[in-house]
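Number of protein chains: 4
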Amino acid sequence: MNALTPQSLFDLSGKSALVIGVGTLGRAGALALAAAGCHLTIADKGAAQLASIATELREAGDGRAVTTVEKWPETEADAEAIIAAAVAAHGAVDVMFVALGWNNVGYIEEQSYEAWNKVITANLHFYWLACQAAGRHFATRPAERGRAKVAMVSSTRGRHGLASGYTAYCASKSGLEGMVRALGCEWAGKNANANAIGPTVFRSPVSEWMFSDTDPGKSVRETMLERIPFGRLSEAEDLVGTILYLLAPASDYMTGQTLYVDGGYTAD
Amino acid sequence: MNALTPQSLFDLSGKSALVIGVGTLGRAGALALAAAGCHLTIADKGAAQLASIATELREAGDGRAVTTVEKWPETEADAEAIIAAAVAAHGAVDVMFVALGWNNVGYIEEQSYEAWNKVITANLHFYWLACQAAGRHFATRPAERGRAKVAMVSSTRGRHGLASGYTAYCASKSGLEGMVRALGCEWAGKNANANAIGPTVFRSPVSEWMFSDTDPGKSVRETMLERIPFGRLSEAEDLVGTILYLLAPASDYMTGQTLYVDGGYTAD
Amino acid sequence: MNALTPQSLFDLSGKSALVIGVGTLGRAGALALAAAGCHLTIADKGAAQLASIATELREAGDGRAVTTVEKWPETEADAEAIIAAAVAAHGAVDVMFVALGWNNVGYIEEQSYEAWNKVITANLHFYWLACQAAGRHFATRPAERGRAKVAMVSSTRGRHGLASGYTAYCASKSGLEGMVRALGCEWAGKNANANAIGPTVFRSPVSEWMFSDTDPGKSVRETMLERIPFGRLSEAEDLVGTILYLLAPASDYMTGQTLYVDGGYTAD
Amino acid sequence: MNALTPQSLFDLSGKSALVIGVGTLGRAGALALAAAGCHLTIADKGAAQLASIATELREAGDGRAVTTVEKWPETEADAEAIIAAAVAAHGAVDVMFVALGWNNVGYIEEQSYEAWNKVITANLHFYWLACQAAGRHFATRPAERGRAKVAMVSSTRGRHGLASGYTAYCASKSGLEGMVRALGCEWAGKNANANAIGPTVFRSPVSEWMFSDTDPGKSVRETMLERIPFGRLSEAEDLVGTILYLLAPASDYMTGQTLYVDGGYTAD
Numbered sequence: 001m002n003a004l005t006p007q008s009l010f011d012l013s014g015k016s017a018l019v020i021g022v023g024t025l026g027r028a029g030a031l032a033l034a035a036a037g038c039h040l041t042i043a044d045k046g047a048a049q050l051a052s053i054a055t056e057l058r059e060a061g062d063g064r065a066v067t068t069v070e071k072w073p074e075t076e077a078d079a080e081a082i083i084a085a086a087v088a089a090h091g092a093v094d095v096m097f098v099a100l101g102w103n104n105v106g107y108i109e110e111q112s113y114e115a116w117n118k119v120i121t122a123n124l125h126f127y128w129l130a131c132q133a134a135g136r137h138f139a140t141r142p143a144e145r146g147r148a149k150v151a152m153v154s155s156t157r158g159r160h161g162l163a164s165g166y167t168a169y170c171a172s173k174s175g176l177e178g179m180v181r182a183l184g185c186e187w188a189g190k191n192a193n194a195n196a197i198g199p200t201v202f203r204s205p206v207s208e209w210m211f212s213d214t215d216p217g218k219s220v221r222e223t224m225l226e227r228i229p230f231g232r233l234s235e236a237e238d239l240v241g242t243i244l245y246l247l248a249p250a251s252d253y254m255t256g257q258t259l260y261v262d263g264g265y266t267a268d
Numbered sequence: 001m002n003a004l005t006p007q008s009l010f011d012l013s014g015k016s017a018l019v020i021g022v023g024t025l026g027r028a029g030a031l032a033l034a035a036a037g038c039h040l041t042i043a044d045k046g047a048a049q050l051a052s053i054a055t056e057l058r059e060a061g062d063g064r065a066v067t068t069v070e071k072w073p074e075t076e077a078d079a080e081a082i083i084a085a086a087v088a089a090h091g092a093v094d095v096m097f098v099a100l101g102w103n104n105v106g107y108i109e110e111q112s113y114e115a116w117n118k119v120i121t122a123n124l125h126f127y128w129l130a131c132q133a134a135g136r137h138f139a140t141r142p143a144e145r146g147r148a149k150v151a152m153v154s155s156t157r158g159r160h161g162l163a164s165g166y167t168a169y170c171a172s173k174s175g176l177e178g179m180v181r182a183l184g185c186e187w188a189g190k191n192a193n194a195n196a197i198g199p200t201v202f203r204s205p206v207s208e209w210m211f212s213d214t215d216p217g218k219s220v221r222e223t224m225l226e227r228i229p230f231g232r233l234s235e236a237e238d239l240v241g242t243i244l245y246l247l248a249p250a251s252d253y254m255t256g257q258t259l260y261v262d263g264g265y266t267a268d
Numbered sequence: 001m002n003a004l005t006p007q008s009l010f011d012l013s014g015k016s017a018l019v020i021g022v023g024t025l026g027r028a029g030a031l032a033l034a035a036a037g038c039h040l041t042i043a044d045k046g047a048a049q050l051a052s053i054a055t056e057l058r059e060a061g062d063g064r065a066v067t068t069v070e071k072w073p074e075t076e077a078d079a080e081a082i083i084a085a086a087v088a089a090h091g092a093v094d095v096m097f098v099a100l101g102w103n104n105v106g107y108i109e110e111q112s113y114e115a116w117n118k119v120i121t122a123n124l125h126f127y128w129l130a131c132q133a134a135g136r137h138f139a140t141r142p143a144e145r146g147r148a149k150v151a152m153v154s155s156t157r158g159r160h161g162l163a164s165g166y167t168a169y170c171a172s173k174s175g176l177e178g179m180v181r182a183l184g185c186e187w188a189g190k191n192a193n194a195n196a197i198g199p200t201v202f203r204s205p206v207s208e209w210m211f212s213d214t215d216p217g218k219s220v221r222e223t224m225l226e227r228i229p230f231g232r233l234s235e236a237e238d239l240v241g242t243i244l245y246l247l248a249p250a251s252d253y254m255t256g257q258t259l260y261v262d263g264g265y266t267a268d
Numbered sequence: 001m002n003a004l005t006p007q008s009l010f011d012l013s014g015k016s017a018l019v020i021g022v023g024t025l026g027r028a029g030a031l032a033l034a035a036a037g038c039h040l041t042i043a044d045k046g047a048a049q050l051a052s053i054a055t056e057l058r059e060a061g062d063g064r065a066v067t068t069v070e071k072w073p074e075t076e077a078d079a080e081a082i083i084a085a086a087v088a089a090h091g092a093v094d095v096m097f098v099a100l101g102w103n104n105v106g107y108i109e110e111q112s113y114e115a116w117n118k119v120i121t122a123n124l125h126f127y128w129l130a131c132q133a134a135g136r137h138f139a140t141r142p143a144e145r146g147r148a149k150v151a152m153v154s155s156t157r158g159r160h161g162l163a164s165g166y167t168a169y170c171a172s173k174s175g176l177e178g179m180v181r182a183l184g185c186e187w188a189g190k191n192a193n194a195n196a197i198g199p200t201v202f203r204s205p206v207s208e209w210m211f212s213d214t215d216p217g218k219s220v221r222e223t224m225l226e227r228i229p230f231g232r233l234s235e236a237e238d239l240v241g242t243i244l245y246l247l248a249p250a251s252d253y254m255t256g257q258t259l260y261v262d263g264g265y266t267a268d
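Chains as they are written, first to last, in this note's numbering: chain P, 1 to 268; chain R, 1 to 268; chain H, 1 to 268; chain X, 1 to 268.
Among the hints, a few may not be true.
Here are the simulated DSSO-like cross-link-like pairs (lysine-lysine), alpha carbons at most 27 Å apart as the crow flies [as the list claims (entries may be wrong)]:
1) K190(X) to K218(X)
2) K218(P) to K45(X)
3) K118(P) to K218(R)
4) K118(H) to K218(X)
5) K45(H) to K118(H)
6) K190(P) to K218(X)
7) K45(P) to K118(P)
8) K190(X) to K118(X)
9) K218(P) to K71(H)
10) K190(R) to K118(R)
11) K118(R) to K118(P)
12) K218(H) to K45(X)
13) K218(H) to K190(R)
14) K218(P) to K190(P)
15) K218(R) to K218(X)
16) K190(X) to K71(H)
17) K71(P) to K118(P)
18) K190(R) to K218(R)
19) K45(X) to K118(X)
20) K71(H) to K45(H)
21) K218(R) to K190(H)
22) K71(R) to K71(P)
23) K45(R) to K118(R)
24) K118(H) to K190(H)
Hints are computed from structural coordinates only; laboratory data are not their basis.
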């Protein structure tokens, strides 16, 4: 049973990890992967932010090399370039965490097609392009590196609607979960897994207002908390353990799933 | 209890019904709506087919006027034009059935972004545009016409993945189901409902090969049937009753749901 | 397409219908079935109530014979007796609606095993016993009578937990939905369907307090309504159309499903 | 971020772990918990087996004390006695893994009520009793011990029916998942989490025949494998990582969930 100690089941040391999107959740995941001993590649727009996070990652990773790519997977070529950079730097991509995201809120009657489409593009198309490029790489990745693992960011909105102008966001996240199911099946025989994490609201620059002690944040939060049995919104720290689990050998027989880490929101 | 007889609960006579997409399922739904006494508007590409189906509908509807619009809801303007034509002809849209659909099969590594995007566009964007234009109309539709009802075509693939090159189709249908949930919530206070039907394979020109007595249809069907407890694929006739139910007063308190009419596929 | 008119798809005239449990929802379903032209058998405890509802049913059914059985399906023998009475009176059971229900509210630490077990017994065991006896009858029921249809009463609690002492109720209703899925598969080749309806709170003697204009009903309702996009609790009348749909030919290709008729509760 | 290293997120050392049911999966979980540095209490029927597994656990746990209780949670008193033994030995129960299970296969028309009831009793009632006793203990457990974590064994049958005589098993597992959702909500404010793991078939003395190279095992397995994208049935080793994840701090913000670890079965 030696291979089944917690140490080995959650061991990610020496893996090549690619994180696409290093906003709050992507950065937290990247830091945890660095602390776990991964070689990191991070991709996002914004040279200054990339450089700053790369510095953090080097510290968390005890000085290991960190590669940055200033791109989003907006086209097949962009996605290929991101994967190619990780492969060039670290020999392969063993685990990938895609944490891009966008939202435009608007009632369907008032929202423009462009605004709707931008949400679908960022939350669905970019993920598909990242997985396409990853899948092409996985096809030649040596089997002895173990199963390739991909974790993506869905949301409780992948399962639940919302009355306040969320047709785009809900469609994008539900769509992602469907893509994850299909990919899970498609990749099962190809030594790769696809899963997702579904958070509820977690603190980030975008949601910081909901953590405020004054209105409107306070009242919006209080209404929201009536739906969250834990009685609090979340922090990236609440989600990091699940990201590691989804990327570690512990979940090697799980695929096509979305795990809701939401203080009981979807259970209620 | 007079209002609760089967006659009144499923009464659609005199309603203005719009059907977008009159392939196999749209046509079957339109015929049933005509037989139920609706005034019909049908929208699709293909002038000859539209005219032919309009003729069938006039017969099924005892000579009632049938309006045709040679468009898909490809843009906001197209969708608005479809709704406007129905309103001009019949005073309002009371019930709408959207039955467009497209699929491109391909493993994610081999499929082009264009092929993926075309599926998302037809199965998700066009539905959103149709609902946007309908919602704008519903905002001024008289309350005394009863709840506006929209039924859309999802698929068992909205809940289940598939290993054989279905990332686009699964994402599009899951995405649609998420959009339906959000719309159900958003429209609840606006006198309108949004629901979907989720069929498994039904006979159509596209699927006819799967009903064949020779291979590959025969063997593909037999594999598929191991997953369908009913032991047979379906016909549009198996689905028509659910379409009527979703558009009739019988379902006025149901919204945001997808009903799987699939011979037990999703139950198994 | 003649067989696919609304008239034929929702035609229940001349069918032998059995309703087990004639509280609010069972009674409403029975009245709608009588109005639809069914021959009725009703089973419940309480001779006076049975007789009173039988009188109502005869009026709704234009004087058709109504059979009563003063039993619940508490044992195999009881369930067999209920089915036998319906068969003796009307030649067969074509459609069956089981609408029994019980709840004991209590935090798990405070609830007795007996209180928990009573909920499981009423909401799960009795349904299984009713289906067992029905299934034995269906095995010899002539195929030319069409598919036998069984509808059962689940709840939004079959999908959602609740923090206020609902382990028993949630387990019983989730369990029922699992039984419905298994039965849907098991009966698929046996000319019978099993489905369920999942309501949220509807007005009944048990829930009447939640419709009150004074507390605690008012405040409990208002909290509840923040979860129901329709902004109102339901009436049995909101559910009757779905019961008829589940029992009519319209749903002949659907099995193993639970339909949430809940003003958007599960969509939100 | 020091607290968010893989080491701390999955750290279970020094915890008091209770495992109820030490068949294949319970034993594997107990061994992993021992290897993770937990103090163990195991409860099951069968003195010889208990003693044998206790010996294994002492080895895996580097000689740590292991407590055995020769009971199932068949009554409130039994469940209380199991918890009391763990508390007496190790001061508290920090994490609990319930891995009891039973199945009787039979078509509903042929199965006895006793056979049905035995499945519900073992898979649902015993779990509820274990949780009741645990909950009573959690009420006085010091907050500084961290969140109490309970993991239970559901099955892909909690979400899927099966045509071959599974009404009892499917109802019991679906029921358990509903209980888990309710408990997740109920315990959220009480410093305790409830979640479940949903495996597909894994190798055990009960399922060993399905791993055979000869019929009927071979053909039953091959049919089953058409539904499992991974193309193989599972081993307890495939599930252990998820059990640890559900019991470790990594999942502290997740509750009321069932995680399907099934080689893609539920995704397909």
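Going through the hints against the structure:
1. K190(X) to K218(X): violated, 48 Å
2. K218(P) to K45(X): Since the Cα atoms of K218(P) and K45(X) sit roughly 53 Å apart, the hinted pair is violated (cutoff 27 Å).
3. K118(P) to K218(R): violated, 42 Å
4. K118(H) to K218(X): violated, 42 Å
5. K45(H) to K118(H): Given pair K45(H), K118(H) holds - Cα atoms ~16 Å apart, limit 27 Å.
6. K190(P) to K218(X): holds, 24 Å
7. K45(P) to K118(P): Answer holds: K45(P) to K118(P) is near 16 Å, not above 27 Å.
8. K190(X) to K118(X): violated, 32 Å
9. K218(P) to K71(H): Violated, because 54 Å separates the two Cα atoms, which is more than 27 Å.
10. K190(R) to K118(R): violated, 32 Å
11. K118(R) to K118(P): With a Cα-Cα distance of about 16 Å, the restraint between K118(R) and K118(P) holds, given a limit of 27 Å.
12. K218(H) to K45(X): violated, 50 Å
13. K218(H) to K190(R): holds, 24 Å
14. K218(P) to K190(P): Violated, at roughly 48 Å.
15. K218(R) to K218(X): holds, 24 Å
16. K190(X) to K71(H): violated, 42 Å
17. K71(P) to K118(P): With a Cα-Cα distance of about 17 Å, the restraint between K71(P) and K118(P) holds, given a limit of 27 Å.
18. K190(R) to K218(R): This hinted pair is violated, its Cα atoms lying about 48 Å apart.
19. K45(X) to K118(X): Answer holds: K45(X) to K118(X) is near 16 Å, not above 27 Å.
20. K71(H) to K45(H): Roughly 5 Å between the alpha carbons, so the hint for K71(H) and K45(H) holds.
21. K218(R) to K190(H): Distance ~24 Å between K218(R) and K190(H) Cα, so the pair holds.
22. K71(R) to K71(P): Given that 27 Å is the threshold and the Cα spacing comes to 38 Å, the pair is violated.
23. K45(R) to K118(R): holds, 16 Å
24. K118(H) to K190(H): violated, 32 Å
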